[in-house]
Amino acid sequence: MESIKAFIRAADAILEFEESFAPTANNQSAYSLEVQQAELKSLWAEVKSEYKLCLPKVDASDTKTVEDIKLKYTNSYHAYVCCAALMGEHMHNLTGFNQSPSSNSTIIQPERLQQTAEPVRYSLNLPPCDTEIFHGDVLQWPSFRDLFAAIYGNNSRLSPVEKLFHLNQKTRGEAKAIVSKAPLTNDGFALAWNNLLCRYENKRVLVNTQLNLLFKLPHISTESEAELRNLQREINSCISALQIHGINIDSWDALFTYLCSIRLPDYTLSLWEQSLDSDSEIPKWVELDKFLTKRVKTLERVSNLKGESITQPKVQSADGEGRTPTLQSRTGSKPINSHHVKTNSLKCKLCSSQAHILKSCQRFIEMQPNARLNAVRKLHVCLNCLSDTHEVKDCKSMFNCAKCKQRHHTMIHRDQSEEIAQSPASTDPTEISTKSHMASIKAKVSNVPTSQSMLLGTAMVTICHNENTFTVRALIDSGSEGTFITNSLQKRLNLTSRKVSARVSGLNNTVSGRVQTVCSITIGSPRNKGLKLEAEALVLPKLTGLLPSRSINPSIVKRLPNIPLADNNFHTSQKVDLLIGGDIYPKIILNGVKSKIFGSLIAQRTVFGWILTGSVPSEETKNKPTYVTYFNEVSLDNQLSKFQELEEIPKKPFFTVEEQYCDRLYSKTTIRNSEARYIVSLPFKVVPTETTFGASRHIALKQKRKKWKHSQQNVQVNDLVVVRAKNLPPNEWRLGRITKIYPGMDQRVRVVDIKTQRGLICKPITKNVIIPNQC
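With the working numbering applied, the sequence shown covers 3 to 777.
Bear in mind the hints are in silico, worked out from the structure with no lab data behind them. Keep in mind it's a predicted model, so treat the numbers as computed, not measured. Beta carbons are placed, not taken as given, at the ideal position from N, Cα and C, and that holds for glycine. Just so you know, not all the hints are guaranteed correct.
[Stated by the list, open to error] Derived pair list, reagent style DSS-like, types lysine-lysine, alpha-carbon separation capped at 30 Å: (1) Lys351 x Lys299; (2) Lys380 x Lys349; (3) Lys706 x Lys407; (4) Lys644 x Lys706.
[To be verified] Now the in silico label distances, taken between C-beta atoms and shown as ranges: (5) Ile565 x Ser617: 34 to 42 Å; (6) Asn95 x Glu18: 19 to 27 Å; (7) Leu381 x Leu642: 40 to 48 Å; (8) Asn496 x Ser698: 45 to 53 Å.
Using the sequences and the accompanying hints, generate a full structural model.
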């Protein structure tokens, strides 16, 4: 019996070991796994020895005990195998080599670890290594080939069909097309891999690609740390790639140094030539590589001290060539220019005879503003400071026009009327000058011939609110940063809104409107009932004018491609109540573009259908004269009124004696009772001494009887009512009492049960008259 108990204890020990080890197997280090592996082997050895001792001592006739011992031994064996396999798998992942699970495998002791030349580092959890997506680039093929072969191709745990699956996932473009031709079977992987090797394993193409990169390296105009480092890195990369492909480049130093030298800036090239010991010997690439490394580090240190990148300024020499100074002051940071500099005398670009600037030219001063502007544009000088060294976009002057504060010189400023008078497109001008209410108005009406009409992308969309769907016309504008809705549509749909404060800026950074409210909307598509797009819409009084600006001939629809349009009435000039901006623009655009429709239109596919954008030829447009009105109003009355309101001295309110009495009476007598009602006293000019109101009870009763004739909402059970009957006079109406009320969903009672002398009836409250309890 003792031997059986010893066997049971040994078997239970190995089962308990499995129960405690399995949950923590992923958190073990390689060394701890080795220690536990030794412990597991000792436990299993004890189980086997106890099993051999106890089994002969059990009576063979006791079959139940024999079966229990054998079952215990089998469970212990399964636990041992499970733990040993789990340990071996984790040790393989941690150390990179397989531990033999056999019983005679040796355990590496800590003393032996210290004696090895390169000790194994345990407890190091490295991130998973994976190859990048291969798109068919010849330069990326060698790295992709080796990585994929190491991770997937040489992995004995993966079957060929699994390798083919991973190869299909790691390729794109042309490479994916080559892999896709192989069937997804075990034999397909070898076929796909060989096809890739035949396509990209081309040594000649790889070498030619590297040489092409080497000969097309960019030239460096100004010495900088980043550009020098990039040039050095690209050349070394090409050299390494050529060596990998088996090209002997031992005698290519002259080629590499020449290709690098002609791309260096002048100052760096001069330093390189000065560093050479011999003028006749061909320098090695290793020497130039060391020089570039040293020069890059020097520029890096200097830029860190200066806080800026070092560039070498050029001066104009006497022979007209640009040279870089080579001397620098030892006491300061400014370079010392030691070259003879040739300067040209200043001449006016307009008159070409005198040495003065353009704005001082007498000929320029005598010109009209329009003629000055034409001269400035012809001479290609700055519109703001009239300098010929830069354009207006690069002008650093802080001054603008003194009259309109715009970005141009005051001498070329033109009034609004002058701009209109010089418009070349206007015909049949009419000048209007009126004065009304201290206002000066100048207007210009011109008939502008137009040959084309512009189409913007419009669509019919739905807005869902309170389980109802409303169809509106929307403009799709990717240039807008937000979505906008008209105030009229927001009120018509009764959309809830909240207060905001924002302004809308348009072209030239001008404020075109201010937003005070924003509402949440749900946009849907008539073609896709399941589409729901949530958006925050800014509310404006008006979004834009009618789109398109002029109606287009409806026959254009018949000649369009057979595509479902987002707006079937795109040719009709209609208003727009919704503008879909860039916040939800990416969510509505789908794949599909049709260009060159009628030569100038483009169709784009969206979730609402196809939208049309572009210009429509003149033959498709309903020709109507277009009138462009230029209007400028300066209201002196409004300006003076605002000035007086701002500068006027505030007046202190003055109360009369009666108003002061009313104020004091209100403060003293106004109270709030326990029923939350306000009690207010009436101010009498003369306080009455006797209260004689007369006989008013009869009038009050008549007023109350008038109310009885109408139905009342506050009906209750047991109220006494009179049931109306159209075919009987009021004195013959039946009398009854309410026994049950039926409130609706809004908790208002509209139907009641009434018990009368003839029985129980159900009537609406409009057919009953409630008799009050007190008259």
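For each hint, the structure was consulted:
1. As the CA atoms of Lys351 and Lys299 are separated by approximately 47 Å, the hinted pair breaks the 30 Å bound.
2. For the given pair, Lys380 sits about 17 Å from Lys349 by alpha-carbon distance, which is consistent with the 30 Å threshold.
3. Our distance criterion of 30 Å between C-alpha atoms is broken by Lys706 and Lys407, whose separation comes to about 75 Å.
4. The hinted pair formed by Lys644 and Lys706 fails the criterion: a straight-line CA distance of about 56 Å is larger than 30 Å.
5. Restraint check, Ile565 to Ser617: a C-beta distance of roughly 19 Å breaks the suggested window 34 to 42 Å.
6. Between Asn95 and Glu18 the C-beta distance comes to about 26 Å, which sits within the given range of 19 to 27 Å.
7. The beta-carbon spacing between Leu381 and Leu642, approximately 44 Å, falls within the hinted interval of 40 to 48 Å.
8. Between Asn496 and Ser698 the beta carbons are some 46 Å apart, a value that agrees with the proposed interval 45 to 53 Å.
In this structure, the hints that do not hold are numbers 1, 3, 4 and 5, in rising order.
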